[in-house]
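*Asks:* For the sequence shown, the working numbering begins at 287 and goes up steadily by one.
One or more of the hints may lead you astray.
[Said to hold, decoys possible] Straight-line Cα separation of at most 30 Å, DSS-like style, residue types lysine-lysine; simulated pairs:
(1) K423 with K714
(2) K408 with K394
(3) K580 with K714
(4) K511 with K446
(5) K393 with K511
(6) K423 with K511
(7) K682 with K755
(8) K451 with K408
(9) K755 with K714
(10) K451 with K755
(11) K423 with K393
Think of the hints as simulated: they come from the structure by calculation, not from any bench.
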Amino acid sequence: MKKAIIFSLSTLLLATSCVDSLTDYNVDIKNPAAVPGVALFSNAERTLTRTVVSTNVNLNPFRLYVQYWAETSYPQESRYNIDTRQINRAFWDALYTGALSNLSEAKKLIPNNQFTSAAVQKNQQACVEILAVYTWKTLVDTYGNIPYTEALDFNNAQPKYDDAKTIYASLFTRLDAALASLNPSVAGMGDADILYSGNVASWVKFGNSLKLRMALTIADDDAAKAATAAVQAAPNVFKAVGDKAQLQFISSPPNTNPLWEDLIQSGRYDFVGADTFVNQLNTLNDPRRPSYFKLGPGNAYVGGPYGALNTYNNFSAPGTRLEDPTLPGVLLSYSEVEFLLAEAAARNIAVGGTAASHYNAAVTASIIEAGGSASDVDAYLAQPTVAYATAAGTYKQKIGIQKWIALYDQPVVAWTEWRRLDSPTLVKPARAISEIPVRFPYPSTELNLNGANNAAAAAAIGGDLVTTKIFWDKF
Numbered sequence: 287m288k289k290a291i292i293f294s295l296s297t298l299l300l301a302t303s304c305v306d307s308l309t310d311y312n313v314d315i316k317n318p319a320a321v322p323g324v325a326l327f328s329n330a331e332r333t334l335t336r337t338v339v340s341t342n343v344n345l346n347p348f349r350l351y352v353q354y355w356a357e358t359s360y361p362q363e364s365r366y367n368i369d370t371r372q373i374n375r376a377f378w379d380a381l382y383t384g385a386l387s388n389l390s391e392a393k394k395l396i397p398n399n400q401f402t403s404a405a406v407q408k409n410q411q412a413c414v415e416i417l418a419v420y421t422w423k424t425l426v427d428t429y430g431n432i433p434y435t436e437a438l439d440f441n442n443a444q445p446k447y448d449d450a451k452t453i454y455a456s457l458f459t460r461l462d463a464a465l466a467s468l469n470p471s472v473a474g475m476g477d478a479d480i481l482y483s484g485n486v487a488s489w490v491k492f493g494n495s496l497k498l499r500m501a502l503t504i505a506d507d508d509a510a511k512a513a514t515a516a517v518q519a520a521p522n523v524f525k526a527v528g529d530k531a532q533l534q535f536i537s538s539p540p541n542t543n544p545l546w547e548d549l550i551q552s553g554r555y556d557f558v559g560a561d562t563f564v565n566q567l568n569t570l571n572d573p574r575r576p577s578y579f580k581l582g583p584g585n586a587y588v589g590g591p592y593g594a595l596n597t598y599n600n601f602s603a604p605g606t607r608l609e610d611p612t613l614p615g616v617l618l619s620y621s622e623v624e625f626l627l628a629e630a631a632a633r634n635i636a637v638g639g640t641a642a643s644h645y646n647a648a649v650t651a652s653i654i655e656a657g658g659s660a661s662d663v664d665a666y667l668a669q670p671t672v673a674y675a676t677a678a679g680t681y682k683q684k685i686g687i688q689k690w691i692a693l694y695d696q697p698v699v700a701w702t703e704w705r706r707l708d709s710p711t712l713v714k715p716a717r718a719i720s721e722i723p724v725r726f727p728y729p730s731t732e733l734n735l736n737g738a739n740n741a742a743a744a745a746a747i748g749g750d751l752v753t754t755k756i757f758w759d760k761f
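Kindly produce the complete structure, drawing on both the sequences and the hints.
*Replies:* What follows is the structure, given as structure tokens:
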């Protein structure tokens with residue numbers, strides 16, 4: 287049965303609407319008290335996924351920051367102009383207002399449903415928490431110190447900012463509690479869960495995979511905490527290519543993949559592959575090229591100069607696969623998990639297996655996910671420049687290059703992993719107005735409406751700058 291996808295109609299959560307019908311939820315759009323908690327959960331799943339996979343330069347410029355793509359008509363984002371379009375405000379608002387506010391309200395409303403048992407509601411609340419942890423982590427990784435303990439209160443327009451590292455500690459605690467309360471033998475969100483259709487066992491895997499991601503994110507800052515969390519999570523993470531957290535979009539607006547909206551529906555031709563990325567793929571004879579890009583002039587894969595004003599027809603455009611309105615939006619994949627396990631093993635964390643075995647599994651999964659074959663995998667891994675034992679560099683450099691290639695569909699995560707692993711080496715373009723951003727500055731609305739708290743937060747992190755590193759970014 288086609289999943290019903292709920293989307294938010296207002297920033298104050300006054301109503302919800304459904305793609306195909308309202309039958310399953312019986313929502314009275316004039317009565318906000320009637321909005322079911324599970325419907326708001328669906329809203330949050332949808333908003334979060336659309337935000338992190340979008341390529342709209344007004345919201346998500348991270349494919350540009352990691353130099354997957356270059357621009358044609360308007361290269362400002364490739365030169366790190368954040369302010370003109372207030373991109374940092376759009377990303378902030380989408381996650382706070384669109385995702386976290388929905389989750390906060392869902393948490394309040396779920397206990398009011400007299401038709402679900404306490405055991406089912408316990409699973410539902412755990413799913414809410416896991417998705418909230420994912421969203422909070424994304425915000426911290428983007429801005430650093432943010433409103434957290436006093437956030438999401440409509441009666442408090444000036445919430446204090448919390449320390450980013452302290453928020454992470456809280457998120458680990460919340461995630462552990464959610465995982466402990468999940469019971470796969472009891473129902474969850476049902477059809478309102480547009481990630482897993484209510485499969486609680488899948489939420490167990492997702493939550494543990496998220497915990498593993500969080501563990502490795504802080505590994506350079508708190509090695510002991512990272513090791514403990516990784517060892518705890520490893521037995522229950524994604525185990526196969528079919529294991530992933532993704533939203534299956536549909537062919538009918540407004541619930542299509544936002545990539546299709548920006549690449550096809552818009553009628554615009556704003557992006558080509560960046561020479562930085564395409565040249566790397568060509569150097570490695572990468573079998574994912576047909577999935578990632580179209581052939582350019584001379585039936586070759588040709589990248590446009592990053593940061594320049596490129597002519598669309600002179601270079602390889604984003605691949606046909608990305609033009610499918612039903613393309614799933616990925617939050618966390620099996621290949622990412624295997625890269626995390628490879629890094630953990632390289633750090634001598636006892637997650638089982640070796641760095642090489644997990645690296646091979648990660649590369650294999652990424653190629654298969656991109657439509658490649660077993661023979662493609664074998665040929666690729668046989669290259670000395672790819673094989674873990676012979677590829678150049680430290681474990682961070684080896685894993686970093688391949689993870690950069692594999693995270694093509696997850697630009698926000700790719701940006702985080704580039705900052706954390708310091709691989710590959712990316713160079714800002716000649717006309718850049720700053721260094722490559724390693725954080726988003728706070729939105730102007732915070733400066734104007736929450737000035738004192740915002741100023742204190744900026745001072746605490748060393749300045750509200752794109753060059754100010756998040757606490758876990760040590761090198």
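*Asks:* Each hint: holds or not?
*Replies:* Hints, verified against the model:
1. Between K423 and K714, the direct Cα distance comes to roughly 26 Å. Compliance with the 30 Å bound is thereby established for this hinted pair.
2. Distance check on the hinted pair: K408 and K394 sit about 12 Å apart at the alpha-carbon level, within 30 Å; holds.
3. Restraint check: the Cα-Cα separation between K580 and K714 comes to about 25 Å, which is no more than 30 Å; the hinted pair holds.
4. At roughly 26 Å between alpha-carbon atoms, K511 and K446 fall within 30 Å of each other, so this suggested pair holds.
5. For the suggested pair K393 and K511, the alpha carbons sit about 29 Å apart, so the restraint of at most 30 Å is met.
6. With a C-alpha separation of about 16 Å, the suggested pairing of K423 with K511 holds against the 30 Å cut-off.
7. For the hint pairing K682 with K755, the CA-to-CA distance comes to about 18 Å; that is within 30 Å, so the pair holds.
8. Taking the CA atoms of K451 and K408, the gap is near 28 Å; set against the 30 Å cutoff, the hint holds.
9. A threshold of 30 Å between alpha carbons decides the hint, and for K755 with K714 the separation of about 17 Å falls inside it, so the pair holds.
10. For the hint pairing K451 with K755, the CA-to-CA distance comes to about 12 Å; that is within 30 Å, so the pair holds.
11. Of the supplied pair hints, the one linking K423 and K393 holds, its CA atoms being roughly 19 Å apart against a limit of 30 Å.
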